[in-house]
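Trainee: Using the hints, position chain B against chain A.
2 protein chains.
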Amino acid sequence: MCHLSLRVLSTATHSIAQIDEEVAKLLQLKAQLAEDEPHKFVLKTAKGTRDHMPAQMALREKVFSTIISCFKRHGGEAIDTPVFELKDTLTGKYGEDSKLIYDLADQGGEILSLRYDLTVPFARFLAMNKISNIKRYQIGKVYRRDNPAMTRGRYREFYQCDFDIAGQYDLMLPDVECVKILAEILKDLGFNGFVIKVNHREILNGMFEFCGVPADSFKTICSAVDKLDKLPWEDVRKEMVSEKGLAEEVADNINKFVVKKGGSELVTALLSDDLATNAAAKRGLEEMRLFFDYCDLYGITNKVSFDLSLARGLDYYTGIIFEAVLTDDGQPGETVGSVAAGGRYDNLVGMFDAKGRAVPCVGISVGVERIFTLLEAKALAEQAKLRTNETEVFVASAQKQLVRERMKICSELWDHGLKVEHSYKLNPKLLAQLQYCEERSIPLAIIIGESELQKGVVKLRKVATREEFEVPRDKLTTEIRNYLKNMSSQQERA
Amino acid sequence: MCHLSLRVLSTATHSIAQIDEEVAKLLQLKAQLAEDEPHKFVLKTAKGTRDHMPAQMALREKVFSTIISCFKRHGGEAIDTPVFELKDTLTGKYGEDSKLIYDLADQGGEILSLRYDLTVPFARFLAMNKISNIKRYQIGKVYRRDNPAMTRGRYREFYQCDFDIAGQYDLMLPDVECVKILAEILKDLGFNGFVIKVNHREILNGMFEFCGVPADSFKTICSAVDKLDKLPWEDVRKEMVSEKGLAEEVADNINKFVVKKGGSELVTALLSDDLATNAAAKRGLEEMRLFFDYCDLYGITNKVSFDLSLARGLDYYTGIIFEAVLTDDGQPGETVGSVAAGGRYDNLVGMFDAKGRAVPCVGISVGVERIFTLLEAKALAEQAKLRTNETEVFVASAQKQLVRERMKICSELWDHGLKVEHSYKLNPKLLAQLQYCEERSIPLAIIIGESELQKGVVKLRKVATREEFEVPRDKLTTEIRNYLKNMSSQQERA
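Here the protein sequences come in this chain order: A and B.
The first sequence begins at 1 in full-length UniProt numbering and counts up one residue at a time.
The second sequence begins at 1 in full-length UniProt numbering and counts up one residue at a time.
Because the hints were derived from the structure by calculation, they are not lab data.
Hints may contain errors.
Just so you know, same-sequence chains aren't split out, so a pair can sit in one copy or run between any two.
[Stated by the list, open to error] Listed below are the simulated DSS-like cross-link pairs for lysine-lysine, each with C-alpha atoms no more than 30 Å apart in a straight line:
#1 Lys99 - Lys25
#2 Lys227 - Lys260
#3 Lys47 - Lys419
#4 Lys455 - Lys47
#5 Lys62 - Lys99
#6 Lys244 - Lys256
Predicted, not measured: the structure shown is a model, and the values here were computed from it.
Isolated chain A (complex conformation) (with noise of 0.2 Å):
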C-alpha cells in the first residue's frame, strides 16, 4: 500500500476527478472492512445535540409562532438555504471561531461545511441570486463545534431566529427598527427584564486608534474587548499586555472607555470629549445620536444601553451592534447571558460579488435555545401544562366487538375536520380508553355501547367534569361542533 500511495503521489497526470474517483473505491472498501469488525454500538445522540420530546416541541412551536408573528408585522419575507455551503463560502467571516465549524468528509465532489450562521448563508443567497433589498426571516439549526454547555442551554446544533434588512437606505432607519423588533420579541416571550445594549464598530476602532492600539491589532484587541461581559477587566487587560502585545497604558487608556455605559446623555458627553476628534469615533457617535433620537419615537430609550464595552467576535460588523441580555428572569445569581445579537454587516454581500458589489445589510438574531431553557424551568416551576397534540375527541367503546363502529365514526369526524382519535386495541378496556384521554387533556369522549346504537345515540362525555350526555348519533358532528366551542368560551371567561 505504501509503495501504491508513493506511486500515487508522485504521478503527476492525476487531476482531481481522479483523485476523487479513488478516494470513493477506497472509502467504500472501508465500509466493507468496517462491517466485518466486530464492534460495540453506543446509543445515544452525538455529542452537543439532543432530542425534543413532544413537550419542548410544543414550546418550541409557541416560541417560534411568537417570533414570525413578530417578523411578520414588520414586513418579513421567509427564505431558506441548504444547511451546508461550499467550504470556501464560509472561509474568512468567523475570525477565531473558524475552527468551529463542521466540515463534511471529502467523498469525492465538493467541500462542504455546515453553517455556522444564518448571516453568511444569507449574504451568499443575497449575490448570488442579484437581490439588492429584502426584508427577510429565516429560521434555521446551525452547527458550531463549540463546547456543549447544554444545561445552560449550549449545544452544538441549535436554531436561529434571524431578520436582516438589506438595501441601500438612509442612516439609522433599518437599524432602529431591528431593534424595536428584539424589544417587541422579548416582551411578546413573557420577558420583562431586559436590556438591549448597543455600540457601534466605528466608535471601537475610533477609540483603538484613538487610545494608541496599533491598526493591525484592532481586530485582536477588539476580541479581547468581547470577553468583558464574562471576564473581569484584569484578566482582559492581561490577555492585551501579555498575549497580544500591547503597550500597558494603551491598554489603561482603553479601560477608562470601556467601563462607560448610558443613554443618549453619554453619546452627547463623548461628542464634547476629546475621542471626538478621531473621524472614524465621531461618524460613529453622530449615527448613535441620530439612533438614541430614533429610539425614542419607536418607545424603546428604556431598553437601550449604550455601553462602550460591547465588542462582538464576528469580523463581518462594519456599523451599529447589539446584544440582548435578560436582566431578571433567571435565578438569582446565574446571569443567562445575551439571548440575541446582531448588527451592521454593509461589506458581506460584496465579498461575494465578482465585482464587489455592495448591498449594505443590518439584522438581528435571536438564539432560542437559552429562551427555550428559561422557558421549560418557568413552566416546570409554574406547573404550567401544556398540551402536546390538540385531539378533540375520543372515540371510545364500552363494550367488546365495536372496533367497525368506532371506526365509522372517526372517518365521519375527520372527513368534518375534526381532530380524533380512537384506541388501535380490537377491545380495549373503557377505564384505559378514559384514562387517555384525562392524561392527555383531551376535552371530549364518545362513548359507544350496544344499547346506545340500537337507540340510534351515543353517548358524549365531557373529559375534565366527567358530565355525560346523550346525542342523536346522526347529529353527532354538529353537537360535537356546538361542545367544543361551547367549552372553549367558557375557558376563555375563566
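Mentor: Positioned in the frame of chain A, the structure of chain B alone reads:
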C-alpha cells in the same frame, strides 16, 4: 490510475487504518492540486441543493401547514432529532442505498453522518428514550448523495414529513390509519388523481419462496422487483438472471405474480391460489384481507391498489408497505412518480436496544419536494399569486420631512399588533411608496401630509381600488381594523 485502483481493490491485507492513511494522502494531494490551480471562488449552493425564494417559501408553508393539520387531526405529537447521528446508528439499515449517506469529516471526536431519512433516527429515539408507544410526526430535512434531478424535484437535501405509530397494537388498525392519513393529505393538497399502492413483505417473501428463489437472495431479488416501476420486465429479468444468478424459470415464475394488481378480490383469489400454501404468503394475504375490510370503513377502498410489483428498497420493512403515486396531475406522458411511501417495520427499534426489545412501528413519509414542484408549476400556469409577506398597512408620506411622523404611526400600529411597513428613506417619492404597495398586494396605505396632520386626520387608501378616505388620527387603529375586516369579508364573499 486504472491499474492503481485495481490493485487497491484486489489487495487482501489492507486494514481500515491503512485505508484511512491512503485516503488522507489522496486528499492532501487533492488539496495541493487545488492550491496550485489558481483558486477561483465559485458562487453557488452545493450540488443538488437550492435556495428557496419568498414565493417558494409561501407555497412551502402552505403545504406544511396542510400536512401538519392532518397529522394533528389524527392525534400526532411533534418530536425533533438532530440532523446528524453517530454513523453507527445509520449503518446497516439502508441496504444498497447506504453508499448515498453523507459523512461528516473526522475532526477528532465522534464519527457522524447526516441523516438519510427520519425513520431510523426515530427508531433510535424510541430505543434511547425507552418510549414504547407514541403517535409522532416530524418534519425535517434529510440528505442523500444521489444524482440530483432537480427539474423533477429530486434533490440531495430535501424535506420529509413523517407520521409514525409506535406500539404493540392489534393487526392493521394503525396501518390502515396511516393510509387514511395519506389519502387525506393528498386530497387536502388538491390532488384528485392518485392511487396508493400496497403490498406486504410477507407476501413478497412467501412469493419468492414459492417461486423457488434461494432464501439468501430474497433481499437482492426484492431490490430488483423494486425497479419495476421504472424499468420494463425484460430489464429486471436480466438483472435477476444475469447479474444475480437467478434461474430463468424462477424469474418467469415471479413474473406471473408481479403483473397482478387489484383490490380485495385479488386478495381473495390469491388466498385460493397455490401461493397460499406458503405460510408467509398466507399470513400476509390474511392481513391484507383485514386491511381491505378496514379500508371500506375509512372510505378509501377506491384509492388503494394491491400491487404485487411494489417492493420498496429499504431493508427494514417487515409487514405492509405502501407508496402513493399521482395519476393525472402531471403533464401528459410525464409521470411524477411516488410522492409518499411507508410501511411497517417491527424490528428496527429492537436493533438499537441492548436487550433487543422490539417496538412495532408503522408509518408514512411524504416527500414534499415533488409536491412543491407540481404545485409551483400549477400556480405558474394559473398565474395564481401567493403573497410573500402579510403586511396590512403601509405608512407613506406625501411630502418631505415627515419620517418622524411616519415612525410614530408605525410604532403605534405595531404596538397594537398590526402588520406595518414604511420606507427606510428619509424622503421617498409618493409614487414609489404606492408602487411598493401594489406590487406586494398590501391592502391599505396611510398617506400623511402636513395639512392633514394639522387637521388631526390622515388619509387612508385602499390600494387595490385607489379609493381614499380621511380618518381621525386618534381613531386610526380602530378605523384600520374595521377596514381590514370589511375588506376580508368582501373577499370571502367574492
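Trainee: Hint by hint, say whether it matches the structure.
Mentor: Against the structure, the hints come out as follows:
Within a single copy, Lys99 and Lys25 get their C-alpha atoms as close as 22 Å, and across copies as close as 11 Å, so both meet the 30 Å cut-off. Proximity of Lys227 and Lys260 under a CA criterion of 30 Å is satisfied intra-copy only: 16 Å inside one chain copy versus 71 Å between copies. For the homomeric pair Lys47 and Lys419, neither the shortest alpha-carbon distance inside one copy (38 Å) nor that between copies (41 Å) is at most 30 Å. When the C-alpha separation of Lys455 and Lys47 is checked against a cutoff of 30 Å, the pair qualifies neither within a copy, at 60 Å, nor between copies, at 65 Å.
Taking the shortest alpha-carbon separations for Lys62 and Lys99, neither the intra-copy value of 34 Å nor the inter-copy value of 39 Å comes in at or below 30 Å. When the C-alpha separation of Lys244 and Lys256 is checked against a cutoff of 30 Å, the pair qualifies only within one copy, where the shortest distance is 19 Å, while the shortest distance between copies is 79 Å.
When each numbered hint is compared with the structure, violations occur for hints 3, 4 and 5.
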